[in-house]
Each structure stands twice: as structure tokens, then as C-alpha cells.
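Undergrad: As you go down the protein sequences, you meet chains L and P in turn.
Quick note on my numbering: the first sequence kicks off at 1 and runs consecutively.
Quick note on my numbering: the second sequence kicks off at 1001 and runs consecutively.
Just so you know, these hints were derived from the structure itself, not from any lab.
Glycine residues also receive a C-beta, built at the ideal position from the N, C-alpha and C atoms.
A few of these clues could be false.
Stated by the list, open to error - Residues of chain P placed beyond 12 Å of chain L at every Cβ, according to the derived structure:
(1) Leu1025
(2) Phe1030
(3) Val1033
(4) Val1070
Claimed, not checked - In silico DSS-like links for lysine-lysine, alpha-carbon gap of 30 Å or less:
(5) Lys34/L <-> Lys1040/P
(6) Lys34/L <-> Lys184/L
(7) Lys1064/P <-> Lys184/L
(8) Lys1010/P <-> Lys109/L
(9) Lys1060/P <-> Lys109/L
(10) Lys1002/P <-> Lys1056/P
(11) Lys1056/P <-> Lys34/L
(12) Lys1064/P <-> Lys34/L
(13) Lys184/L <-> Lys1010/P
(14) Lys1064/P <-> Lys109/L
(15) Lys1060/P <-> Lys1040/P
(16) Lys184/L <-> Lys1060/P
(17) Lys1060/P <-> Lys34/L
Here is how the chains run, residue by residue.
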Amino acid sequence: MRVGVVVFPGSNCDRDLAVAFKAAGADVTMVWHKDTALPTGLDMIGVPGGFSFGDYLRCGAIAAQSPICRAVVDHANSGGYVFGVCNGFQILTETGLLPGALLRNANLKYICKTIPLTVENADSAYTSGYSKGEQVMFPIAHHDGNYTADADTVARLEDGGRVAFRYSENPNGSTADIAGIFSKNRRVLGMMPHPERAADARHGGTDGQALFRALVSAMQDA
Amino acid sequence: MKARVTVMLKNGVLDPQGEAVHHALDALGFDGVNGVRQGKVIMLDLAETDAAVAEKTVGKMCEKLLANTVIESYSIEIL
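Model the full assembly from the supplied sequences, consistent with the hints where possible.
TA: Printed below as a string of C-alpha cells:
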């Protein structure tokens, strides 16, 4: 499995994401935001967490207009896998690949702690290593993770099995406790919590390993 | 020609920052504030000299970048 992890100015989880993919057995290439094309032969694009472009204007707004993001959108639209974590999730909503938006946390605080999530849908390349309803512990570290979408969009996500993860105890005011959502074909996943920061015993938790291993195994079988 | 773009969270979208400012105003004794919404103002200095063309162009800028129309509304004033 070949993964490209996009690096923006201000990304700070790009290496964490690369390390987690490598540990699961993937080949990882870092991709610079000014590149206009992705390396050929990539199975998966990782859009990492951080504070791309200093969160200027809106979180993810400037990154979403960067040259590489046009290639990432094309990759997704032609059926490719794209995984956005934290700022990466914000970027994916700004590109329109995922619906809704991430607003300032309801309590206005930056929240950095490990929290319980419920796996809502285990029927995807990302979540097949878990079972539906399983509880996992992932860290969150964000100021703008309050997922918002209109009622029709939320109903569409719920009906289509597109809620991947839900907060067991809603930390940020997200609509319907949504922590991560899939695209319609479940090949694009955006989530605020960080599975890549719970992928090594030295992180203090390993619940994220199953996600990266499931992806590598899905791509090898493909 | 200059343009002023005002971006606000749409009505119905919770604005916790506006709420916090509201509480702070209450704490300072400013009674009678029924609501606070916080947004942003973006000033553009444009080469365009035709106001109608400028407004149309700035509208495109808002749709593509300056506002996230999922959660925000915008208004444009040509100055």
C-alpha cells in the first residue's frame, strides 16, 4: 500500500500520520502542498492535523485552495481514498469532499485530552478492524471541532451509514455527537480525533492501530 | 476601488464567540443587549474601476474563499 501524506505550512501531525501508516506496513511519501500533481500509484492520501496556514480566514480554508488539494479532490472524485484527521477533516469539508463544517468548540476552549469514541460503522476499509458499537480511546486536540451541518445533511449521513465515529461524551458541541464522517462511497474519511496518536504503546494507547492495519490489509487485498 | 466584505455566521448557526461577548457585556453592566453576533470584515483594494464588475468579482471571491457558505453569509459594499 502506497500512501502520500500532504504537508502544508503549519501541519504538525504529518509525521505522526506517516509513522502510524509505516508501522502498519505502508510505504509513505510526503507530498508538498505546492505540488500540482500527486506521485503516481498512490492508494491513499493522508491529510494531516495541524494549523495549516495558521488557521487564517477559517481553519483549512487556505489549504483547501492549495495546488495539491485540487489533485487530492480529483483523486477522491475518481474513487481514491483520502483520510483527513483534525485539521485534515477541516480541510476536507472546505474542499467540499465532505459535507458540513467545523465550528469553534461550544465551550470556546482548546481541548486536548484522550476521550472515548464509539465506532458507528465498521463496514469500511478504515473501520473494518473494529466492531460496530466498540468503544475506542483516541486523543483530541482542537479548538474548532464542533461539527455542524443542516438537518437534511445530518439525516443523509445517518441514513447512509456515513457516521464513522461518535463521541461517547460530546466534548465540543458537535451535532449528533459526530466525530468522523465518510463520503458516500466510504473512501473518504474525515475525523477530529487522532488515531495516529494512539498507535504505539509509547503514545499511552494503541486503539488507533486497528484503523491503519485495516487500511493496509484492505489495499493489499485489492 | 475598495470593497468591504462582511462575513457573519448564518442565522440559526450557534455563535459561541458572540455568546461569550454577550456575557462579558452583561458582566460589565451593559443591560439591554438582546443578542451579540460576531463576524469578520475583509477590506479589498481592487484595480477594477467599474462598481458592477467589482461587485460581481467580489461575489465570486466570497463563494470560493472568503466565506464558507455552509455556515456563513456575506454582504458586499463597494466603497
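Undergrad: State for each hint whether it applies.
TA: For each hint, the structure was consulted:
A cut-off of 12 Å between C-beta atoms confirms that Leu1025/P is not in contact with chain L; the least separation is 16 Å. Distance to chain L confirms Phe1030/P as a non-interface residue, since its nearest Cβ pair spans about 20 Å, more than 12 Å. Non-interface status of Val1033/P relative to chain L is upheld: no Cβ of that chain comes within 12 Å, the nearest being about 18 Å off. Its closest Cβ contact with chain L, about 5 Å, brings Val1070/P to no more than 12 Å, contrary to its assignment away from the interface.
Between Lys34/L and Lys1040/P, the direct Cα distance comes to roughly 28 Å. Compliance with the 30 Å bound is thereby established for this hinted pair. Under the criterion of a C-alpha separation no larger than 30 Å, the hint pairing Lys34/L with Lys184/L is consistent with the structure, at around 28 Å. Pair hint Lys1064/P plus Lys184/L holds up; C-alpha atoms about 23 Å apart against a cutoff of 30 Å. For the proposed pair Lys1010/P and Lys109/L, the alpha carbon gap of about 22 Å is at most 30 Å, so the pair holds.
The hinted pair formed by Lys1060/P and Lys109/L fails the criterion: a straight-line CA distance of about 33 Å is larger than 30 Å. Distance check on the hinted pair: Lys1002/P and Lys1056/P sit about 13 Å apart at the alpha-carbon level, within 30 Å; holds. For the hint pairing Lys1056/P with Lys34/L, the CA-to-CA distance comes to about 29 Å; that is within 30 Å, so the pair holds. Distance hint between Lys1064/P and Lys34/L is fulfilled; the C-alpha atoms sit about 19 Å from each other, no more than 30 Å.
Distance check on the hinted pair: Lys184/L and Lys1010/P sit about 26 Å apart at the alpha-carbon level, within 30 Å; holds. Straight-line distance between C-alpha atoms of Lys1064/P and Lys109/L comes to about 29 Å, which keeps the hinted pair within the 30 Å bound. A hinted pair counts as satisfied when its Cα atoms are at most 30 Å apart, and Lys1060/P with Lys1040/P qualifies at roughly 18 Å. Taken as a hint, the Lys184/L and Lys1060/P pair is honoured in the structure, with Cα atoms around 28 Å apart against an allowance of 30 Å.
Taken as a hint, the Lys1060/P and Lys34/L pair is honoured in the structure, with Cα atoms around 23 Å apart against an allowance of 30 Å.
Violated hints, in rising order: 4, 9; the structure is consistent with all others.
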